[in-house]
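J.: Given next are the chains, with one letter for each unit.
Number of protein chains: 2
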Amino acid sequence: MTTTRRTLLRGTAATAVTAVTAAGASPAGAVESGTPATRADSPLPPGPRIGILLYDGYSLLDPTGPAEVLSRLPGAEVVMIAERRGPVRTDTGDVRVMAERSIGEVDRLDVLLVPGAGNRGTVAAMGNQALLTWIRAVHRHSRWTTSVCTGSLILAAAGLLDGRRATTYWASAPYLESTFDVTYVPERYVRSGKIITAAGVSAGIDMSLYLASLIAGETTARAIQLAVEYDPRPPFDSGDAATADPRLKTLALQLLADSQI
Amino acid sequence: MTTTRRTLLRGTAATAVTAVTAAGASPAGAVESGTPATRADSPLPPGPRIGILLYDGYSLLDPTGPAEVLSRLPGAEVVMIAERRGPVRTDTGDVRVMAERSIGEVDRLDVLLVPGAGNRGTVAAMGNQALLTWIRAVHRHSRWTTSVCTGSLILAAAGLLDGRRATTYWASAPYLESTFDVTYVPERYVRSGKIITAAGVSAGIDMSLYLASLIAGETTARAIQLAVEYDPRPPFDSGDAATADPRLKTLALQLLADSQI
Numbered sequence: 001m002t003t004t005r006r007t008l009l010r011g012t013a014a015t016a017v018t019a020v021t022a023a024g025a026s027p028a029g030a031v032e033s034g035t036p037a038t039r040a041d042s043p044l045p046p047g048p049r050i051g052i053l054l055y056d057g058y059s060l061l062d063p064t065g066p067a068e069v070l071s072r073l074p075g076a077e078v079v080m081i082a083e084r085r086g087p088v089r090t091d092t093g094d095v096r097v098m099a100e101r102s103i104g105e106v107d108r109l110d111v112l113l114v115p116g117a118g119n120r121g122t123v124a125a126m127g128n129q130a131l132l133t134w135i136r137a138v139h140r141h142s143r144w145t146t147s148v149c150t151g152s153l154i155l156a157a158a159g160l161l162d163g164r165r166a167t168t169y170w171a172s173a174p175y176l177e178s179t180f181d182v183t184y185v186p187e188r189y190v191r192s193g194k195i196i197t198a199a200g201v202s203a204g205i206d207m208s209l210y211l212a213s214l215i216a217g218e219t220t221a222r223a224i225q226l227a228v229e230y231d232p233r234p235p236f237d238s239g240d241a242a243t244a245d246p247r248l249k250t251l252a253l254q255l256l257a258d259s260q261i
Numbered sequence: 001m002t003t004t005r006r007t008l009l010r011g012t013a014a015t016a017v018t019a020v021t022a023a024g025a026s027p028a029g030a031v032e033s034g035t036p037a038t039r040a041d042s043p044l045p046p047g048p049r050i051g052i053l054l055y056d057g058y059s060l061l062d063p064t065g066p067a068e069v070l071s072r073l074p075g076a077e078v079v080m081i082a083e084r085r086g087p088v089r090t091d092t093g094d095v096r097v098m099a100e101r102s103i104g105e106v107d108r109l110d111v112l113l114v115p116g117a118g119n120r121g122t123v124a125a126m127g128n129q130a131l132l133t134w135i136r137a138v139h140r141h142s143r144w145t146t147s148v149c150t151g152s153l154i155l156a157a158a159g160l161l162d163g164r165r166a167t168t169y170w171a172s173a174p175y176l177e178s179t180f181d182v183t184y185v186p187e188r189y190v191r192s193g194k195i196i197t198a199a200g201v202s203a204g205i206d207m208s209l210y211l212a213s214l215i216a217g218e219t220t221a222r223a224i225q226l227a228v229e230y231d232p233r234p235p236f237d238s239g240d241a242a243t244a245d246p247r248l249k250t251l252a253l254q255l256l257a258d259s260q261i
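Residue numbers (this note's numbering), protein chains in the order written: chain A, 1 to 261; chain B, 1 to 261.
Bear in mind the hints are in silico, worked out from the structure with no lab data behind them.
A hint or two may mislead.
[Said to hold, decoys possible] Part of the chain A face toward chain B, derived, beta carbon under 7 Å:
#: 1; residue: Ala28
#: 2; residue: Val106
#: 3; residue: Val123
#: 4; residue: Ala199
#: 5; residue: Phe236
#: 6; residue: Ser259
Since the structure is predicted, the reported quantities are computational estimates derived from the model, not experimental observations.
The beta carbon of each residue, even a glycine, is placed where N, CA and C say it ideally should be.
Please model the entire structure based on the sequences and the hints provided.
T.: Here is the structure:
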């Protein structure tokens, strides 16, 4: 199915569109798929193959925010991957996303993304040798190896962050620095060679827009930002741990712990 | 399973925590689940039951952003619902989230959330009388009825937005206003009575933090914002359609169309 879609997209030069149906003429402001006004003279190479590793206990937004953004790259294919095919539970146990491929079925990816999880899921993944071996093998040939939230601890457990600068979930930073040979950088995302780590949960969206610009250029990344209407206006300003009240930090961790199975 | 978790959470006064394990002592900065330092003297009522309607062709971040935020409300249960149980495809066809309940199995929700979709999915849902009837029935008893992106068109098709102010995906605003008796308001989210509509895709995160504050108070909402480290810092500033170049709008819609099946 995805192969078919990628095949259909070859020859589609989305960045060269000059005239399409006016916005707002249809419910979702759609333009007709597959019929851009301008086509490249020669077929474009297929878009990036993006693999997202799911494992029991991941946090839902970690894989899905980046999947939403990166799926809009021209010709992109997003594949959810897990140790075994089938539904994989989030940290709350309430939601399950399907892994469409097992790790045994995937050995080459343009982009690998490892999401974060609650304590239980992170610890289990850090100790899962099958996952770590697969991460190392895919990383060997990837164009980009990325993580969100405590996913960086899993990359570190796989040995990929030795000697590097990286970020992680704010509450995991002391653990990252004390356990691995990693310099924690409190930014939304940190690039070190072909590895990009993102801070907690929602930071994956910022990171994946940056990654989109590296893969397809700034204009395409900006268009994706507009496509997902990412003009964030949170009603509060309490998302930055560096300025948060200690009691709010405690409450945040308590809410997370209470919501997780 | 979710019932068990809710039961466990009764008596847990997450907002009254005064002392828990120091952050950073464990990989995910975890505190021990279910053992807050302070407990309410009497059991708390169970938290909100949040139902998210999936249908073929929804956009992945529309349901998952709010699910991530709202699942952290004390005692919350998040249920993915569709016409039939089982995996439901996103607009790209690449990703499937499981519907754990069918609409026939759910008649009462504290919060109903209707996500948006690409053109095909939106049009199909707007014409699906079984879905519209169910939305009307659940809305009758809901505490909050909400939408993200073109989900507001589906609420409108169900007759819930007559005479109201609402928002939607930027490219769908002309359609919303010309098709229904609705006043479009270009804000991230718009409350009209117990109905809250959010703008496109990522706006569901902002909306759900606002909703969290209505349900559990501002301190809890702020703690959830910190829990998901929502301190957005997109690398670009192009998410606002009101200031976007027309060519960027065209490219955004083209990327969406090309990525959708």
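J.: Hint by hint, which ones does the structure fall short of?
T.: 2
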